[in-house]
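A.B. asks: The chain contents come next:
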Amino acid sequence: MKMKTLLTGAAFALGLAGAAMAQDKTKVGFIYVGPIGDGGWTYEHDQGRLAVEEHFGDSVETVYQESVPEGADAERAITQMALGGADLIFTTSFGYMDPTVAVAEKFPDVKFEHATGYKRADNVSTYSARFYEGRAVQGHIAGKMTKTNKVGYIASFPIPEVIRGINSAYLHASRVNPDVEFNVIWVYTWFDPAKEADAATALIEQGADVILQHTDSTAPLAAAEGFDGVIGFGQASDMAEYKDGPRVSSIIDNWAPYYIARTQAVIDGSWESVDTWDGISTGMVELGEMTDKVPAELQAEANALIEAMRSGEYHPFTGPINKQDGSAWLAEGEVADDGTLAGMNFYIEGVTGDIPG
Amino acid sequence: MDLSAINPVLLIASLMVAATPILLAALGELVVEKAGVLNLGVEGMMITGAICGFAIAVETGSPVIGFLAAAIGGALLSMLFGILTQYLMSNQVATGLALTLFGLGISSLLGQDYVGVRPPLTGGLFPDALADLPVVGPIIFGHDWMVYVSLGLVAGIWAFLKYSRAGLILRAVGESHDAAHALGYNVIAVRLAAIAFGGACAGLGGAYLSLIRVPQWTEGMTAGAGWIALAIVVFAGWRPWRVLIGAYLFGGVTVLQLNLQAAGVAVSAEYLSMSPYLITILVLVLISAGRGRAALGAPASLGRSFHASH
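Read top to bottom, the protein sequences are chains A and B.
Be aware that the first sequence starts at 56, since it is given in our numbering, and climbs by one per residue.
Be aware that the second sequence starts at 15, since it is given in our numbering, and climbs by one per residue.
Please keep in mind that the hints were generated in silico from the structure rather than gathered at the bench.
Treat the hints with care, as some may be off.
As the list claims (entries may be wrong) - Some, not all, of what chain B presents toward chain A, calculated at C-beta under 8 Å:
| hint | residue |
| --- | --- |
| 1 | Leu24 |
| 2 | Ser28 |
| 3 | Pro134 |
| 4 | Gly138 |
| 5 | Ser178 |
| 6 | Thr232 |
| 7 | Ala276 |
| 8 | Ser289 |
| 9 | Leu292 |
Please read these numbers as outputs of a predicted model, since none were measured by experiment.
Ideal Cβ positions, reconstructed from N, Cα and C, are used throughout, including at glycine.
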């Protein structure tokens, strides 16, 4: 595996060196954690990249590198992209946080944008979406639709973003169905279709009839399709191809407007390091169309919830909420602050199991 | 924690499914290595088989034709390796690694139109009445026909290597290609045939992923299964039945880990993910302790190029 990644890096470096000539164009680079054909997370980022190309036409050139492993290898890939003349580089996975900051120090003239992280610098912005708003809707639907009262949750890595998603989904599921129980499997990967499918199968065999996922491929939906009466949701992308199967709705990440705005800022010279965290209100998080499997009444409830979050009148983490150990977190009516949410490392009351260390 | 939520019958049934891709690929690699060739391109051949099988199954609507196409696709790709290493004397390790990279690339090229497409379903071999029997139903009768093909292959390869004359020749080529050559056997032809067989098996393993286990096409979907298959061949000491044990053990740990987590057992996932590899190392140490390379069962000419200079 080491050799493979080495060779990939070398081949990539050669390719970039050849393509680094056109100087007057603004060059925008993207580092992806999975293949652009994953049908989920990376696919949506690449849709954003294509939107940048379409919007700016010939004045902007984009490059991308897919399936870059998180960790040390990422640093090399980002460095190569910066050396290749990129003016703006989006690194689109949480695990690229430290590599991005490290490379940014060496290239003060290049702008960096890191997705879902929390470390910024003068030339490093962070951006993320309030996926937990979408999770709230998912949880509500899951709690209402489960018949076994067991919801299976395929989690990737124990990082705040994922924990937040579990908490938000559980909170809203348990509010409409106090008997609901969440079974969480940590698969320690963002993208491994076989493992994701196996995890879905294991959850279903243990009685779960709703599958939520925080991994990037459509494999859990494909696996759920083999069982009667099991539903799931599109993750990061609409995954509309499973509409006549298990998919009842989806959380869609819409990065295109952000990518276009940031590229424009680089062209105008007005780019500044910012921390963007947008949700349903700006359209960065969208909810995919609900299928007929969701009863009309429930659809109306879900839509009302979406509208309440869009208008800002409802925040998914509104007290009273206790932590898992029973200690108080949010008092009645209190709303979670962004700092706590961004670093969330605890389950809320009612979620069973431990967060792996 | 609720261990009763784990149904051992379903667990065994799903570990068989989880193990089948690596079992198929490892069986192919076993034959290749028995002929003295080290092909590290298993991952590339698997993923090529995965997309070939998927595309053809979707186009024809028949999983059987899909699996055939996967075998052909894997074998064709392996012939690239065969020609390079057997005729052009390229280094087997480097060529194998290159084959993996090439396979990953060409598969995503071939697969562009197949993302999000759903394949035709592969049926079971036995009637539902048998598959619905308690306990033995899901474990013995409930599988798709490829599971039985893979088990048949284990027995077939074992018998071929042990009892047939052709198997003896193949092993002779793997143990000492010079001696086999002196006896008048065509070393290159035997090795090419073995490489093609290995490619076909890897292709079947990949197609099992894309057509049955996941079932869909996604780029990079083998996610390292080919490397595990390579490790299992060593783990098994180049013996077919031990390959079966190794693959099922590996599949078992994978599935058990997920099931334990779903049941809320606080086992660290990292340890369980490590365990098959730890077991491999342990087995290697045990069976090779003090008895040298031969005791491992590795073919003596493994990885060496053959050139008939006289």
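A.B. asks: Now tell me if each hint is right for this structure.
C.D. replies: Against the structure, the hints:
1. The interface hint given for Leu24(B) holds, since its Cβ lies 5 Å from the closest Cβ of chain A, which is under the 8 Å cut-off.
2. With a cut of 8 Å, the hint placing Ser28(B) at the interface with chain A holds, because the nearest CB-to-CB distance is about 6 Å.
3. A least Cβ separation of about 13 Å between Pro134(B) and chain A goes past the 8 Å threshold, and the interface hint is therefore violated.
4. Below 8 Å, beta-carbon pairs count as interface contacts, and Gly138(B) has none with chain A, the closest being about 12 Å; its hint is therefore violated.
5. Against a cut-off of 8 Å between C-beta atoms, the interface hint on Ser178(B) is violated, since the closest Cβ of chain A lies about 34 Å away.
6. Evaluation of the Thr232(B) hint against chain A yields a held restraint, the C-beta minimum of about 5 Å falling below 8 Å.
7. Given hint, Ala276(B) at the interface with chain A, holds; its Cβ is 5 Å from that chain's nearest Cβ, closer than 8 Å.
8. Given hint, Ser289(B) at the interface with chain A, is violated; its Cβ is 14 Å from that chain's nearest Cβ, farther than 8 Å.
9. Because the smallest distance between the Cβ of Leu292(B) and any Cβ of chain A comes to about 17 Å, over 8 Å, the interface hint for this residue is violated.
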